[in-house]
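K.L.:
Here's the letter readout for the chains.
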Amino acid sequence: DTEVTQTPKHLVMGMTNKKSLKCEQHMGHRAMYWYKQKAKKPPELMFVYSYEKLSINESVPSRFSPECPNSSLLNLHLHALQPEDSALYLCASSNPRPFNEQFFGPGTRLTVL
Amino acid sequence: DQQVKQNSPSLSVQEGRISILNCDYTNSMFDYFLWYKKYPAEGPTFLISISSIKDKNEDGRFTVFLNKSAKHLSLHIVPSQPGDSAVYFCAASRRDGQNFVFGPGTRLSVLP
Numbered sequence: 001d002t003e004v005t006q007t008p009k010h011l012v013m014g015m016t017n018k019k020s021l022k023c024e025q026h027m028g029h030r031a032m033y034w035y036k037q038k039a040k041k042p043p044e045l046m047f048v049y050s051y052e053k054l055s056i057n058e059s060v061p062s063r064f065s066p067e068c069p070n071s072s073l074l075n076l077h078l079h080a081l082q083p084e085d086s087a088l089y090l091c092a093s094s095n096p097r098p099f100n101e102q103f104f105g106p107g108t109r110l111t112v113l
Numbered sequence: 001d002q003q004v005k006q007n008s009p010s011l012s013v014q015e016g017r018i019s020i021l022n023c024d025y026t027n028s029m030f031d032y033f034l035w036y037k038k039y040p041a042e043g044p045t046f047l048i049s050i051s052s053i054k055d056k057n058e059d060g061r062f063t064v065f066l067n068k069s070a071k072h073l074s075l076h077i078v079p080s081q082p083g084d085s086a087v088y089f090c091a092a093s094r095r096d097g098q099n100f101v102f103g104p105g106t107r108l109s110v111l112p
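Chains A and B are the protein sequences, given in the same order.
The opening position of the first sequence corresponds to residue 1 in the working numbering, with each subsequent residue numbered one higher.
The opening position of the second sequence corresponds to residue 1 in the working numbering, with each subsequent residue numbered one higher.
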């Protein structure tokens, strides 16, 4: 299984809603990532988990809250988002090091109204 | 300040010819480089990588060249096929980190 899955594929939410994005991989990777991608822009790293511990937080606002319940799962909890947070949210996984490529999921297209 | 640059937003190539996508970086601490391909509505797909101890890596139709002194790498696709039409991202990383920095991407169109 060389796939990273993400649910849901699309999500529309209001600014007062609480929702979660989910990511799963069964490749035995011990590093998992959340990226945000706006239209016609490259993916921007948000968070990195290594061995289920948060290792990188790229100064992401607290309305985004990541969680890594186990080595196969990664969640992104969303609360009080702004319309400018609308984007494609990509999950990726890899072996922590050295020099291992990241496998990306298809993304969740988020729209904040 | 963009640490990874892809100065050509788009490139069109005839089927069967060579596609050359370029990438420049500014951070001399980067020592691992990757190319990803992205179709619309899909996540990026890993294509090929190169570490700074090499200057060339080849995988089938794809070859990546690294010029460390110029802080420049390029991806060659030969022969180009219509299915190669996609956005190609260059990404770079430091040996001590997992923080891959992506370039802005180049949209490749391979014309039949």
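Hints were generated in silico from the structure; no laboratory data involved.
Glycine included, every Cβ here is placed at the ideal spot set by N, Cα and C.
Do not rely on the hints blindly, as some may be mistaken.
[To be verified] Computed list of lysine-lysine pairs in DSSO-like fashion (alpha-carbon distance at most 30 Å, straight line):
| no. | chain 1 | residue 1 | chain 2 | residue 2 |
| --- | --- | --- | --- | --- |
| 1 | A | K41 | B | K71 |
| 2 | B | K5 | B | K56 |
| 3 | B | K54 | A | K38 |
[Unchecked claim] Just the calculated beta-carbon pair ranges, DEER-fashion:
| no. | chain 1 | residue 1 | chain 2 | residue 2 | range |
| --- | --- | --- | --- | --- | --- |
| 4 | A | L113 | B | S74 | 21 to 31 Å |
| 5 | A | L113 | B | S12 | 17 to 27 Å |
| 6 | B | R107 | A | T111 | 16 to 26 Å |
| 7 | A | K41 | B | T26 | 16 to 26 Å |
| 8 | B | S109 | A | K9 | 24 to 34 Å |
| 9 | B | G16 | A | N70 | 20 to 30 Å |
| 10 | A | G14 | B | T26 | 18 to 28 Å |
| 11 | B | N67 | A | K9 | 25 to 35 Å |
| 12 | A | G14 | B | R17 | 32 to 42 Å |
| 13 | A | K41 | B | M29 | 28 to 38 Å |
[As the list claims (entries may be wrong)] Partial selection, computed: residues in chain A whose CB lies under 8 Å from chain B:
| no. | residue |
| --- | --- |
| 14 | P42 |
| 15 | P43 |
| 16 | I56 |
K.L.:
Confirm or reject each hint.
P.N.:
Now the hints, each set against the structure:
Restraint check for A:K41 and B:K71: the C-alpha separation of about 22 Å stays at or below 30 Å, so the hint holds. Restraint check for B:K5 and B:K56: the C-alpha separation of about 20 Å stays at or below 30 Å, so the hint holds. Only pairs whose Cα atoms come within 30 Å are accepted, and B:K54 paired with A:K38 is rejected, the gap being roughly 33 Å. Range check, A:L113 to B:S74: Cβ separation about 43 Å, and the 21 to 31 Å hint is violated.
Range check, A:L113 to B:S12: about 38 Å between beta-carbon atoms, so the 17 to 27 Å window is missed. Between B:R107 and A:T111 the CB atoms are about 24 Å apart, so this pair conforms to the stated range of 16 to 26 Å. For A:K41 and B:T26, the Cβ-Cβ distance of about 18 Å falls inside the hinted range of 16 to 26 Å, so the restraint holds. Between B:S109 and A:K9 the C-beta distance comes to about 26 Å, which sits within the given range of 24 to 34 Å.
Range check, B:G16 to A:N70: about 48 Å between beta-carbon atoms, so the 20 to 30 Å window is missed. Judged by the Cβ atoms, the range 18 to 28 Å given for A:G14 and B:T26 is violated: they are separated by roughly 41 Å. For the pair B:N67 and A:K9, the supplied restraint of 25 to 35 Å is violated, since their beta-carbon distance comes to about 40 Å. One distance hint, 32 to 42 Å for the beta-carbon pair A:G14 and B:R17, is violated here, with the actual separation near 50 Å.
With their beta carbons about 23 Å apart, A:K41 and B:M29 fall outside the hinted range of 28 to 38 Å. Given hint, A:P42 at the interface with chain B, holds; its Cβ is 4 Å from that chain's nearest Cβ, closer than 8 Å. Interface hint at A:P43: satisfied, since its Cβ lies 5 Å from the closest Cβ of chain B, which is below the 8 Å cut-off. With a least beta-carbon distance of about 6 Å to chain B, the hint placing A:I56 at the interface is held under the 8 Å criterion.
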